[in-house]
Amino acid sequence: MSNENNSRREFLLTGLAAAGIAAGCSSKKSVFEEASGDEVKATGKLVKLLSVDGEVIEVDEAFLKPVPHLPPVSNSEARVGIPGKKFVMVIDLSRCKNLKKCQSACNHAHELNPGQNWIKVYSMQDAEHTAPYWEPTTCMHCDEPPCVKVCPVDATFKRQDGIVLIDSDRCIGCRFCMAACPYSTRVFNWSAPDIPAEVAAQPYSCESSVPQKKGTVGKCDFCADMTRMGELPHCVSACPNGTFFFGDMNEDSVTNGSDTFRFSDLIRDKAGYRLMEDLGTKPSVYYLPPVNRNFPYGSGVEKDSTGHPVTIN
Amino acid sequence: MENTIIDNKITHDLMPVPFGFWGKIWTGILLLFCGIGAFAYCLQLKNGLAVTSMRDYASWGIYISNFVFFVAISLVGSLITAVLRLANVRWSTPLTRISEIIAVSAIIFASIIIVVDMGRPERFLNLVIHGRLQSPIIWDVVVISTYFFISLLLLYLPLLPDLKLLIQSRGNRSDRLSKVYHFLGSFWKGNPEQVKRSRKSINLLCITIIPVAFSIHTVTSWLFATTYRPGWDSTNFGAYFISGAFLVGAGAVVVAMYVFRKAYHLERYITGLHFDKMGRIVVMLAMLYLYFNINEYLVPAFKMRKPEAAHLMDLFAGEYAPLFWFAIVVGMLLPIAMLMFKRGRRPLPMFIAGIMVVVGAWFKRYLIVTPTLLHPFLPMQDVPASYHHYFPSWQEWAIALGSLAGCLLVITLLVRIFPIVPIQETINEQHETAK
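In order, the protein sequences belong to chains A and B.
First residue of the first sequence? That's 1 in the working numbering, and the numbers climb one at a time after it.
First residue of the second sequence? That's 1 in the working numbering, and the numbers climb one at a time after it.
Incorrect hints may have been included.
Below, in silico cross-link-like pairs of lysine-lysine (DSSO-like), each with a Cα-Cα straight-line distance of 30 Å or less [what the hints assert, rightly or not]:
| # | chain 1 | residue 1 | chain 2 | residue 2 |
| --- | --- | --- | --- | --- |
| 1 | B | K435 | B | K277 |
| 2 | A | K41 | A | K213 |
| 3 | B | K46 | A | K214 |
| 4 | A | K65 | A | K41 |
| 5 | B | K306 | A | K149 |
| 6 | B | K196 | B | K9 |
| 7 | A | K270 | A | K282 |
| 8 | A | K213 | B | K46 |
| 9 | A | K270 | B | K306 |
| 10 | A | K86 | A | K149 |
| 11 | A | K101 | A | K158 |
| 12 | B | K189 | B | K164 |
| 13 | A | K214 | A | K101 |
| 14 | A | K282 | B | K306 |
| 15 | B | K24 | B | K179 |
| 16 | B | K303 | A | K282 |
| 17 | A | K86 | A | K282 |
| 18 | A | K149 | A | K214 |
| 19 | B | K342 | B | K277 |
| 20 | A | K65 | A | K101 |
| 21 | A | K97 | B | K277 |
In short, the hints are calculated from the structure, not lab data.
Given only the sequences and the hints, what does the whole structure look like? Please build it.
What follows is the structure in structure tokens.
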């Protein structure tokens, strides 16, 4: 059986178990207090469910109860990663027009402190006579991550599926990782993040990176919680121009939601490259050069009310 | 008979004395600064590091440069005590305790200021619980604590014979100070066996402290040099930092010599000879540091690689140019020019040169830390305007000044309790020369 099938089944089961099977035969009182407290009367309406053993069983509808949102995996599991995966991102610069939908989706999904961005869209011009272009950056999830090397407490770590994460419950806030990262990808919560109280009260998971915590470092997490559910990172699905492709290097496929490519073909045909290759950090994020562009550079320049371009400092 | 009179005179001259009027004023001012610093730190604990001017690009500021400064200055203990002792230099005896006291108090405040810089100081123990040996921060924790204990021992062991004299001088009094002396040194009889052991231990510590001293500042330089950043990515950094550290430490000792000599009338013990010799050492160290500076700036400036160029131009002719040339001229060139001449090595010019070296060194550390961070590889875009520049907030100044005041306070208190110039060693040397 292939890895892919395995993970799909695991995903299905986690989802279903959370949805209700366990509710009927729960011993975890804390989570299911409501259910165990009430006298549950069978309605007679049966629902078909897939059991942990892979058998289809029927359960009375009355036994299905909503469960609180808990981090799907423990901290130690989150530190290992998803077995058999090697996540990779491809950013096609010919498709980007600085809409920053990726940024706002990311900020929203990770409940970032207002003003903080994990995704940045740079206006780049490599030399005087070369063409300007827009360059979105995420965390590069390097295979030789300089940030992980310098972290004194293993608060930022590299998982076997290639994702570099931060454990905000362990971070001491020394900011050595920020100095070490050549891509300026890391941000710091200089104060307690200005987020709704119910978000701040959520149980923290380093896969979802929510909630961000005062005095700790934050950065793009490749939406590790979404990938565990088999879904695309928020920036990928938010971009209307399909700039971001995400996938599994082991499957050799990447998708932006509508188009799916063989990763190796895409990189070969479009001359993909990585940022600052000479540093030896081996990023997991690849770029396709801004050729045959869908939009001219100027269409992305923000204009002020008088129609003049807003200068980027 | 004559010997006893001289001994008594020396003992009388060098005994620690209670604070006079100016001593009390001085201590009061230092306490005030410490208090303001502590208050600012309470604000920082409450509101987070947002009270500082550090932001995502300038993510290290004067806390870190102050830390580097403290570590640098603490190296002097090993220079004066260990290097000169092992080289069999005798004139440095009256300076050993001063330098060891400076070393211990500086290293204490290096540790304090680094905790101040942490976003989550309450998780300090994570360094032990989850420590990973591959991080240069852990190396720093290990070598700095080692250095602290060796320095403490190098302060304590040579103090034992003096403690005996102190206990004797206080007779049967049982005030707090006498209790301290008894607690620290009542076991010391000064018999040949103890003297032999103590001498052996001191020699051993003098040998061990040299590599440890080199390590603390080399590892501190590696906090920067192990990154890719322009201005930090340099194989020159270890030696560059060490030479700078010896210079600022020697400068600090010169300043302390002058102040203590004036305040405690030690003209007979800290003489023109000492200033002359220290002056020569400062010139040598300043030239050494200048040499490493030329290495550090000229070589990349010759090539002007793109990321380096922006950083270097900002130092040479941009935003940081006044500070940069101040650190080079006032911190190195002028002291060299002054102390090259015999007339410049008299106490007062030496004192002024010492101040210039120390102040220049403090700003030099700032120039090493922050401008680099404001020249990242990818451009600074899409961030608030405040992210583009760094000027410390009042809380940062208060905490940094508070830590400097705290360091001076510890030095002041140690000098209040213990003799600044080793009494017994001075007596012994007096006897040897008399023979």
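Hints, verified against the model:
1. At roughly 25 Å between alpha-carbon atoms, K435 (chain B) and K277 (chain B) fall within 30 Å of each other, so this suggested pair holds.
2. Note on K41 (chain A) and K213 (chain A): the hinted pairing is violated, with a Cα-Cα distance of about 43 Å set against a maximum of 30 Å.
3. Between K46 (chain B) and K214 (chain A), the direct Cα distance comes to roughly 11 Å. Compliance with the 30 Å bound is thereby established for this hinted pair.
4. About 13 Å separates the Cα atoms of K65 (chain A) and K41 (chain A), which keeps this hinted pair within 30 Å; it holds.
5. The hinted pair formed by K306 (chain B) and K149 (chain A) meets the criterion: a straight-line CA distance of about 26 Å does not exceed 30 Å.
6. Only pairs whose Cα atoms come within 30 Å are accepted, and K196 (chain B) paired with K9 (chain B) is accepted, the gap being roughly 26 Å.
7. Simply put, K270 (chain A) and K282 (chain A) have alpha-carbon atoms about 19 Å apart, close enough for the 30 Å limit, and the pair holds.
8. At most 30 Å may separate the alpha-carbon atoms for a hinted pair to count; K213 (chain A) and K46 (chain B) meet this at roughly 14 Å.
9. In summary, the hint linking K270 (chain A) to K306 (chain B) is supported, as the alpha carbons are separated by about 27 Å, within the 30 Å threshold.
10. For the hint pairing K86 (chain A) with K149 (chain A), the CA-to-CA distance comes to about 20 Å; that is within 30 Å, so the pair holds.
11. A C-alpha spacing of about 28 Å is found between K101 (chain A) and K158 (chain A), which places the hinted pair at or below 30 Å, so the restraint holds.
12. With a C-alpha separation of about 7 Å, the suggested pair K189 (chain B) and K164 (chain B) falls inside the 30 Å cut-off, and the hint holds.
13. Among the hinted pairs, K214 (chain A) with K101 (chain A) is consistent with the structure: their alpha-carbon atoms are about 26 Å apart, no more than 30 Å.
14. For the hint pairing K282 (chain A) with K306 (chain B), the CA-to-CA distance comes to about 22 Å; that is within 30 Å, so the pair holds.
15. A C-alpha spacing of about 23 Å is found between K24 (chain B) and K179 (chain B), which places the hinted pair at or below 30 Å, so the restraint holds.
16. Taking the CA atoms of K303 (chain B) and K282 (chain A), the gap is near 26 Å; set against the 30 Å cutoff, the hint holds.
17. A distance of roughly 13 Å separates the Cα atoms of K86 (chain A) and K282 (chain A); the hinted pair therefore holds under the 30 Å criterion.
18. Of the supplied pair hints, the one linking K149 (chain A) and K214 (chain A) holds, its CA atoms being roughly 23 Å apart against a limit of 30 Å.
19. Of the supplied pair hints, the one linking K342 (chain B) and K277 (chain B) holds, its CA atoms being roughly 10 Å apart against a limit of 30 Å.
20. Of the supplied pair hints, the one linking K65 (chain A) and K101 (chain A) is violated, its CA atoms being roughly 36 Å apart against a limit of 30 Å.
21. At roughly 68 Å between alpha-carbon atoms, K97 (chain A) and K277 (chain B) are farther apart than 30 Å, so this suggested pair is violated.
Consistency with the previously given hints fails for numbers 2, 20, 21, ordered from lowest to highest.
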